[in-house]
Amino acid sequence: MPSPAQLIEMDAMRTNMRHFGLSGAAAEELKKTVQELLLTWQTQESEREYTQGLNELMALCLQKRTKEEAFARFKELVSKLHPGFLRTNGSMAEPVDMAVCAVFEMLMKKSKVLTDHLHRVDMHFYLTGFMPGWFLSMFASEFAWPASEHLCNRLLEGEAIDRLVPQLVAAAILRSATEIVKLEDADDLIRVLKGSLSEVRTGQDLEALVKEIEEPVEPTLPPEVAEVGSFLVKTVGSGKAGKAKPKTKRPGSGRSLWCLTVFFVQSTFVSFARRGLGLQGAPLPSATSALPLPKGFTPTSPPAALLRVHEIADSPKKVRMLRPAKQPDKSLMKRKIAATTKALDEVRKVRAQQRERHFELGLPIVSLVGYTNAGKSTLMNALAQQVEVKAKDRLFETLDPTRRSVTLPGGRQIMLADTVGFIQRLPEQLVAGFRATLEEVVETTLILHVVDVSSPMAAQQIASVLKTLKRLRKFKPTTPQIMVYNKVDRLEGDQAEQLEQSLSYPDPGIVGHVQISALKGTGFTALSEAIEETLMKHTDFGAASMRLLIPYTDSAVYAKMKSGDSQVKINSEAHTSDGYLLQVTASTTAERMLKSFEVSEEDYEIIAAM
Amino acid sequence: MSLPKYKVVLVGDQSVGKTAVVVRYLKNTFEEKAEATIGMDFQTKTVQLLSGSQIRLQLWDTAGQERFRSLVNGYIRDAAAAVVCYDVTNRQSFDSTTQWIEEVRQSRGDDVLVYLVGNKVDLAESRQVSRAEGEAKAAEVKGRFAETSARSGDNVQELFKQLGEALAQRGDVGGTAASQVKEKLQLGGQEQVDKKNKACANMLPRIRRSFAEAALLGDLP
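Residue numbers (this note's numbering), protein chains in the order written: chain A, 400 to 1009; chain B, 1062 to 1282.
Fair warning: there could be bad hints in the mix.
Listed below are the simulated DSS-like cross-link pairs for lysine-lysine, each with C-alpha atoms no more than 27 angstroms apart in a straight line [stated by the list, open to error]:
{"id": "1", "chain 1": "A", "residue 1": "Lys509", "chain 2": "A", "residue 2": "Lys593"}
{"id": "2", "chain 1": "A", "residue 1": "Lys581", "chain 2": "A", "residue 2": "Lys593"}
{"id": "3", "chain 1": "B", "residue 1": "Lys1106", "chain 2": "A", "residue 2": "Lys593"}
{"id": "4", "chain 1": "A", "residue 1": "Lys936", "chain 2": "A", "residue 2": "Lys873"}
{"id": "5", "chain 1": "A", "residue 1": "Lys593", "chain 2": "A", "residue 2": "Lys610"}
{"id": "6", "chain 1": "B", "residue 1": "Lys1222", "chain 2": "B", "residue 2": "Lys1088"}
{"id": "7", "chain 1": "A", "residue 1": "Lys581", "chain 2": "A", "residue 2": "Lys873"}
{"id": "8", "chain 1": "A", "residue 1": "Lys431", "chain 2": "A", "residue 2": "Lys511"}
{"id": "9", "chain 1": "A", "residue 1": "Lys431", "chain 2": "A", "residue 2": "Lys479"}
{"id": "10", "chain 1": "B", "residue 1": "Lys1203", "chain 2": "A", "residue 2": "Lys593"}
{"id": "11", "chain 1": "A", "residue 1": "Lys994", "chain 2": "A", "residue 2": "Lys961"}
{"id": "12", "chain 1": "A", "residue 1": "Lys466", "chain 2": "A", "residue 2": "Lys430"}
{"id": "13", "chain 1": "A", "residue 1": "Lys466", "chain 2": "B", "residue 2": "Lys1222"}
{"id": "14", "chain 1": "B", "residue 1": "Lys1203", "chain 2": "A", "residue 2": "Lys430"}
{"id": "15", "chain 1": "A", "residue 1": "Lys463", "chain 2": "B", "residue 2": "Lys1094"}
{"id": "16", "chain 1": "A", "residue 1": "Lys511", "chain 2": "A", "residue 2": "Lys479"}
{"id": "17", "chain 1": "A", "residue 1": "Lys466", "chain 2": "A", "residue 2": "Lys431"}
{"id": "18", "chain 1": "A", "residue 1": "Lys994", "chain 2": "A", "residue 2": "Lys968"}
{"id": "19", "chain 1": "A", "residue 1": "Lys479", "chain 2": "A", "residue 2": "Lys466"}
{"id": "20", "chain 1": "B", "residue 1": "Lys1094", "chain 2": "A", "residue 2": "Lys593"}
{"id": "21", "chain 1": "A", "residue 1": "Lys581", "chain 2": "B", "residue 2": "Lys1106"}
{"id": "22", "chain 1": "A", "residue 1": "Lys508", "chain 2": "A", "residue 2": "Lys593"}
{"id": "23", "chain 1": "A", "residue 1": "Lys873", "chain 2": "A", "residue 2": "Lys919"}
{"id": "24", "chain 1": "B", "residue 1": "Lys1222", "chain 2": "A", "residue 2": "Lys431"}
Hints are computed from structural coordinates only; laboratory data are not their basis.
Keep in mind it's a predicted model, so treat the numbers as computed, not measured.
Work out the full structure: start from the sequences and follow the hints.
Right, here's the structure in full:
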């Protein structure tokens, strides 16, 4: 092993110069000085030893400083480092482990889903390798030098490096969280993280990054929406907003900016609304009613996930990292989309687990799909006869697909799942986000495709929904689909009949259609029957295979089956001396009724052989 | 969709040219004065095998300084192959390989493929370690041998090509194909925790604990 002096000599020549934009003679000069000062430092130190990376730190200290200044600065910075990095017999594993743990602890407070994901891809393992470099050279390989310089200043002002470095890493991870949670490969993940770090160029960037993680989550005080306008005027109209509210450090932070977000988020939604509803010819929702404001958050309440979406999207800390002076609308919209996507990821995870449980229960999942405002939630409410699923004239009311266990008139129990409306020309990022939510549909047993037939755009809307369904990954096009023509009450005269003739879609999944009015409650019996029939005919649900021996004394039962009862399908039959020997497929309801006539496979064979 | 992935760790004394070899392999360029690797860095490359199939090599480039060894050990433990590098113009770096190989064998036993690589063969006039010496040592430690020059590019591509073939042939011996590990991980639950426990034995006890807790608590709010 080379001596520290040899190593310093070697490494000084290998110091990263791109960081300072130096080349040629100036670079050589700097390298020489780095070597000289490091050697001086090493001869002065008895307990510490040069570690690779300190050459970068020395070069950093030498920027725009005399040798003496740089040397003093270097010495002081080095004294801030954990001894494990430098002490002759110190263990580097210790400070590195501590730092990685700190990163995870910080992230854990922000998002459990994100932290779990990082664990899953072994992120801690990779971080361990990069930590020493970040500590020893003050992110020289990632930041632009003004940012590294600023980091040094903060440390010299007394900040703890053991806290600050993990903070920066955690914040950078958090900043690219939406991208990170999508990546399964730690390679890609590290690349994203490094990219996020390399965007830190100035001291301000660094401050902004640190703020993101250390900002305590302020309680969101929902102001009256009517105030939004006036706040907006204050923030944008006068640069003295900071003075007016002494607690606000920078103009554009805190409450006023929060309002600004609400405004832009709303305008985002309103612009979606224009696209979506404009096509339908329905009135635009007013800005004040388009977005419900979070009024507290109970983790167990059904719309919790929905509220969480708003909470994440609207919390003021998210706003800090935006640069409101520069194109606030674009970046805010971007952030909003990012936050929504993130929340949806969380929703998806919970859903996946619930779906599993419902599968275990053996209930068929019936999903309501349809264009926005087709009346899915109203139908769901009517079927479930409960009001938890709030039906409102709002876009994205159902960001969290709620599901209810519903007993149909025939006794059949189903799991009814409401999904988000399909909107044409959704921004690509949002489609991806909604895709997660729409996974419901992928694993569904039966689809109820709700259509607002009173809309002049009904045909286009149906086409749009069918197209979106097809775009879903893993979606089985053969999933049975019942077209539910809703709002027939709004149609005049014989329009309904005309409609029946005009609307036909050769999609493989579509098995039939029903006309209803969810609001007036008409057509539900037909719908229930259609669901039951479709489940019987097109799925395995309730289609229990049974072997029956029905004594001739009970021939009424046999007669009922033969009468074309959709609940039982006879696959094979024989008339034996003991009675009707049948092999049938029966619905759950019928199965219960026929239980007393069931015979074992063995007995069946014996009787059949006689 | 994801290709079988093999982790390959490059170890050896500082300035023997570990980073340069990797850079030559990945970008086919050479920098006279490459920056010292602090801690660890890694790159991934897809390798086309003779059989027509593909694998991914994840190259873990490590710091040479002794001080980093406690960290590097963690990466060795996770690797399917170790490329132990020395500088043919530096006897000391060749002598150090004994220790590096020992380190590798200690934590991975015979599961790991060891490649002894003498770099900087372009500097023929200042050579201190002969090819025969290198080959002898490789045979002694049941490893494979190669001599390369990152500067000229000599034998660098071939080295990793051979390495890829050898790894693919071994398949998942020792369960080191990352993709297979991942598959297991995706089964979730206890298995995931177990795997984690094995992977970072003594490395990050606190993280491990919080991971186990997370697994126990599940994801439901």
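Checked hints:
Between Lys509 (chain A) and Lys593 (chain A), the direct Cα distance comes to roughly 20 angstroms. Compliance with the 27 angstroms bound is thereby established for this hinted pair. A hinted pair counts as satisfied when its Cα atoms are at most 27 angstroms apart, and Lys581 (chain A) with Lys593 (chain A) qualifies at roughly 16 angstroms. For the hint pairing Lys1106 (chain B) with Lys593 (chain A), the CA-to-CA distance comes to about 18 angstroms; that is within 27 angstroms, so the pair holds. Restraint check: the Cα-Cα separation between Lys936 (chain A) and Lys873 (chain A) comes to about 23 angstroms, which is no more than 27 angstroms; the hinted pair holds.
A threshold of 27 angstroms between alpha carbons decides the hint, and for Lys593 (chain A) with Lys610 (chain A) the separation of about 19 angstroms falls inside it, so the pair holds. With a C-alpha separation of about 15 angstroms, the suggested pairing of Lys1222 (chain B) with Lys1088 (chain B) holds against the 27 angstroms cut-off. A C-alpha spacing of about 17 angstroms is found between Lys581 (chain A) and Lys873 (chain A), which places the hinted pair at or below 27 angstroms, so the restraint holds. Between Lys431 (chain A) and Lys511 (chain A) the CA atoms are separated by roughly 48 angstroms; this puts the pair beyond 27 angstroms, and the hint is violated.
For the proposed pair Lys431 (chain A) and Lys479 (chain A), the alpha carbon gap of about 25 angstroms is at most 27 angstroms, so the pair holds. Our distance criterion of 27 angstroms between C-alpha atoms is broken by Lys1203 (chain B) and Lys593 (chain A), whose separation comes to about 38 angstroms. Between Lys994 (chain A) and Lys961 (chain A), the direct Cα distance comes to roughly 18 angstroms. Compliance with the 27 angstroms bound is thereby established for this hinted pair. Our distance criterion of 27 angstroms between C-alpha atoms is met by Lys466 (chain A) and Lys430 (chain A), whose separation comes to about 13 angstroms.
Of the supplied pair hints, the one linking Lys466 (chain A) and Lys1222 (chain B) is violated, its CA atoms being roughly 48 angstroms apart against a limit of 27 angstroms. For the given pair, Lys1203 (chain B) sits about 42 angstroms from Lys430 (chain A) by alpha-carbon distance, which is inconsistent with the 27 angstroms threshold. Proximity of Lys463 (chain A) to Lys1094 (chain B) is assessed by CA-CA distance (about 24 angstroms); at most 27 angstroms being required, the pair is judged to hold. As the CA atoms of Lys511 (chain A) and Lys479 (chain A) are separated by approximately 31 angstroms, the hinted pair breaks the 27 angstroms bound.
For the proposed pair Lys466 (chain A) and Lys431 (chain A), the alpha carbon gap of about 12 angstroms is at most 27 angstroms, so the pair holds. Between Lys994 (chain A) and Lys968 (chain A) the alpha-carbon distance is near 15 angstroms, which keeps this suggested pair within the 27 angstroms criterion. Restraint check: the Cα-Cα separation between Lys479 (chain A) and Lys466 (chain A) comes to about 20 angstroms, which is no more than 27 angstroms; the hinted pair holds. Annotation: proposed proximity of Lys1094 (chain B) to Lys593 (chain A) holds, straight-line Cα distance about 23 angstroms (limit 27 angstroms).
Simply put, Lys581 (chain A) and Lys1106 (chain B) have alpha-carbon atoms about 21 angstroms apart, close enough for the 27 angstroms limit, and the pair holds. Restraint check: the Cα-Cα separation between Lys508 (chain A) and Lys593 (chain A) comes to about 22 angstroms, which is no more than 27 angstroms; the hinted pair holds. Distance restraint check for Lys873 (chain A) and Lys919 (chain A): the Cα-Cα separation of roughly 36 angstroms exceeds the 27 angstroms cut-off, and the hinted pair is therefore not satisfied. For the given pair, Lys1222 (chain B) sits about 40 angstroms from Lys431 (chain A) by alpha-carbon distance, which is inconsistent with the 27 angstroms threshold.
Checked against the numbered hints above, the structure violates hints 8, 10, 13, 14, 16, 23 and 24; every other hint is satisfied.
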